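Novice: Letter by letter, the chains look like this.
There are 2 protein chains.
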Amino acid sequence: MTENASQMNNLVVVGGKPTMNYVVACITIFNSGIQTVRVRARGGHISEAVDVVEMLRRVFLKDLKIGDIILGTDDHKDSRGRETSVSTIEVFLNK
Amino acid sequence: MTENASQMNNLVVVGGKPTMNYVVACITIFNSGIQTVRVRARGGHISEAVDVVEMLRRVFLKDLKIGDIILGTDDHKDSRGRETSVSTIEVFLNK
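Line order of the protein sequences matches chains A and B. In this text, residue positions in the first sequence follow our numbering: the first is 1, and each later residue adds one. In this text, residue positions in the second sequence follow our numbering: the first is 1, and each later residue adds one.
With the rest of the complex left out, here is chain A (with noise of 0.2 Å):
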């Protein structure tokens, strides 16, 4: 997956890149003016958004509003067709 493509309008899905990559796509966001980021993710990853979710708020903008958190999972295929489950987090953040 492209940068571009995991980073649409105002999401951005955290997988498997290095923290700072996408605190600074949040940052990009905000700065061209977009008020509310959702930062989102599944399974594994859900504790890296978190962690991306904190730098934000702590280090980078203080101001940061923390809105909704919305916990869902999400029904799909594994590699080998079976059914499975996953769990996914979004979280809302406002300038």
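Worth flagging that the hints you see were computed from the coordinates, not collected in a lab. Here the structure is a predicted model, which is why all the values come from computation and not from measurement. Note that CB positions come from ideal geometry on N, CA and C, so glycine has one too. One or more of the hints may lead you astray.
Unchecked claim - Example chain B residues on the side facing chain A (calculated, C-beta under 10 Å, incomplete):
1) 54
2) 72
3) 76
Claimed, not checked - List of simulated lysine-lysine pairs, BS3-like, C-alpha gap at most 30 Å:
4) A:65 x B:65
5) A:77 x B:17
6) B:17 x B:65
Got chain A sorted already, so can you dock chain B onto it with the hints?
Specialist: Chain B alone, transformed into the frame defined by chain A:
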């Protein structure tokens, strides 16, 4: 840490054990008559805490309501005595 130490009153701290252990711990607390359970985790266990919440909500307690979700950071010293920080999550579940 023993099972008792990780579960004080209405608090379930999610660590490295199987997800079902924590799911059962939450159900046990609800069954004792307590209306609110707090599910807490740090660092890489945050994803597992979301798995616990989602399994409870989707499979075992379909009328469960997710209340506040608090993200935070714990500062602590690592095994070499260096200051480090770790992200935390706490999810309030209401029966």
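Novice: Any of the earlier hints contradicted here, and which numbers?
Specialist: 3
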